[in-house]
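Take the sequences, apply the hints, and build the full model.
Each residue of the sequence shown is one higher than the last, beginning at 2 in our numbering.
Simulated from the structure, these hints should not be mistaken for lab results.
In this text, a Cβ means the ideal position worked out from N, Cα and C, and glycines have one as well.
Mixed in with the good hints, there may be bad ones.
Subject to a maximum C-alpha distance of 25 angstroms in a straight line, what follows is the list of computed DSS-like cross-link-like pairs (lysine-lysine) [said to hold, decoys possible]: (1) 58 <-> 146; (2) 43 <-> 57; (3) 165 <-> 43; (4) 75 <-> 57; (5) 84 <-> 43; (6) 165 <-> 146; (7) 57 <-> 170; (8) 146 <-> 84; (9) 58 <-> 43; (10) 139 <-> 75; (11) 139 <-> 43.
Quick list of simulated restraints, FRET-style, between CB atoms [as the list claims (entries may be wrong)]: (12) 218 <-> 36: 46 to 52 angstroms; (13) 88 <-> 149: 22 to 28 angstroms; (14) 181 <-> 82: 22 to 28 angstroms; (15) 116 <-> 52: 20 to 26 angstroms; (16) 40 <-> 247: 37 to 43 angstroms; (17) 63 <-> 150: 43 to 49 angstroms; (18) 147 <-> 51: 20 to 26 angstroms; (19) 150 <-> 244: 29 to 35 angstroms; (20) 215 <-> 156: 45 to 51 angstroms; (21) 143 <-> 165: 22 to 28 angstroms; (22) 240 <-> 82: 33 to 39 angstroms.
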Amino acid sequence: MRVAYKRKLLILFILTFLVVMAFSPRGYTASLFSSLELSLEKNIGQNCYQSIIDQKKVVHLPEEETEHLNAIFKSLVNCCGRKQELEFSLTVVEDETVNAFALPAGYIFVHTGLLSYVQSDGELAGVLAHEIAHVDRKHSMNAIKRQLGMSLLLQLILNKKKSKEGLAKVGNVAINMTQLGYGREAEYEADHYGVYFMEGAGYQREEILNFWRRIVDQRGGQEDLVILQLFSTHPPTSERIKRIEGLR
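Pasting the structure below:
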């Protein structure tokens, strides 16, 4: 009975909230909902971050390397439209695959395999800029909305206590999306904005093109190469190269 009562109370609260939103000035309503959604994104991101570092070994690079990596990362974040509302962070984890991924709210992870594979700061910047672009364009949060629907998200937004079960469910979707990708158009958009971010930070797009071309050249039919695990579910690399070359 108590659970049923709480559920009815939550439904009533949601309905009341929707009515208030419907009769409030449009700008105020949009601002309020955006603020609540941002708070939820930060909760999801923190939950996912903790889950990842519980599973993977965090690597602490030598101080000089850490400062250099963070300088590259910061220069890219400074070109991002969401730099004021999020605290972006970069974490290195031990994994031989050539990869990096982004969680909601600006938690970016990079594999040691990627650090070993890149041949220049510009190549690394290109990959990191792509991940920052996913956060900037809210690809993860948009994917969560599609997967779980607004009903669950609205419950989490309005529930100040942010139930662990609900956050865990949303967090699992967010983490799975880092492996499955956000869909071709989202990946192309992240490539697009990623190039602008890296150029804004002083790097040349030719460097990320060199990175992708090298992966294509090294494929050579050897489908078990660890480098081929990079974005394996993403759009064809050749098409990504063409689109980046065609950006103005």
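Of the numbered hints stated earlier in the document, which are not met by this structure?
1 and 22
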